[in-house]
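Given the sequences, and given the hints that come with them, work out the whole structure.
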Amino acid sequence: GHTVGHALEAVTGYQRFVHGEAVAVGMVAAARLAVRLGYLTPAEVERMAALLSRTGLPQAVPPNIIPEALLEAMHRDKKVARGRLTFVLPEAIGRVRIVQGVPEGEVRAVLEG
259 GHTVGHALEA VTGYQRFVHG EAVAVGMVAA ARLAVRLGYL TPAEVERMAA LLSRTGLPQA
319 VPPNIIPEAL LEAMHRDKKV ARGRLTFVLP EAIGRVRIVQ GVPEGEVRAV LEG
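For the sequence shown, my numbering puts the final residue at 371, and the numbers step up evenly by one.
Any given hint could turn out to be false.
As the list claims (entries may be wrong) - Cβ pair distances, simulated, as ranges: (1) H277 to S311: 31 to 39 angstroms; (2) V346 to P300: 17 to 25 angstroms; (3) E364 to E304: 17 to 25 angstroms.
Derived from the structure by calculation, the hints contain no laboratory data.
C-beta: ideal position from N, C-alpha, C; glycine also.
This is the structure we're talking about:
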C-alpha cells in the first residue's frame, strides 16, 4: 500500500492523511490492482476491506484527488525502474509478489474507482 499511500500523502501536501491512513487506502488500491492483474480474487479484496473497515481506516482515494496527479507522484517512488511502475501486490492475505512494469492504464482504472 506504500506506492499509492506515499503518492496520496504527497498530492495532499502531507496534511490530509496520517501515514497509516494513506497506506490503508494504498493497500486496498493495491489489492484491487492485483485483482485486475489476476493475482488476487475479488473475495479476498472484500475480506481485506472489511478488516480495514473495522479499524475505521479510509479505503478509497477521495473523489477530489486527480488520478493523474497520483500517477505523477508514483513515478517519483523509489521502486520505479527505468520509468516503469513497480508495485508490491498481494496474492493472498499475508503473501505478496513484486510486479515490475505495471501498466499505467490498469493503475489509472483502479484510482478512478
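Do the hints match the structure? See the list:
1. H277 to S311: 31 to 39 angstroms: Check failed, 19 angstroms falls outside 31 to 39 angstroms.
2. V346 to P300: 17 to 25 angstroms: Holds, since V346 and P300 (Cβ atoms, about 20 angstroms apart) stay within the stated range.
3. E364 to E304: 17 to 25 angstroms: About 19 angstroms separates the Cβ atoms of E364 and E304, which means 17 to 25 angstroms holds.
The structure shown violates just one earlier hint, number 1.
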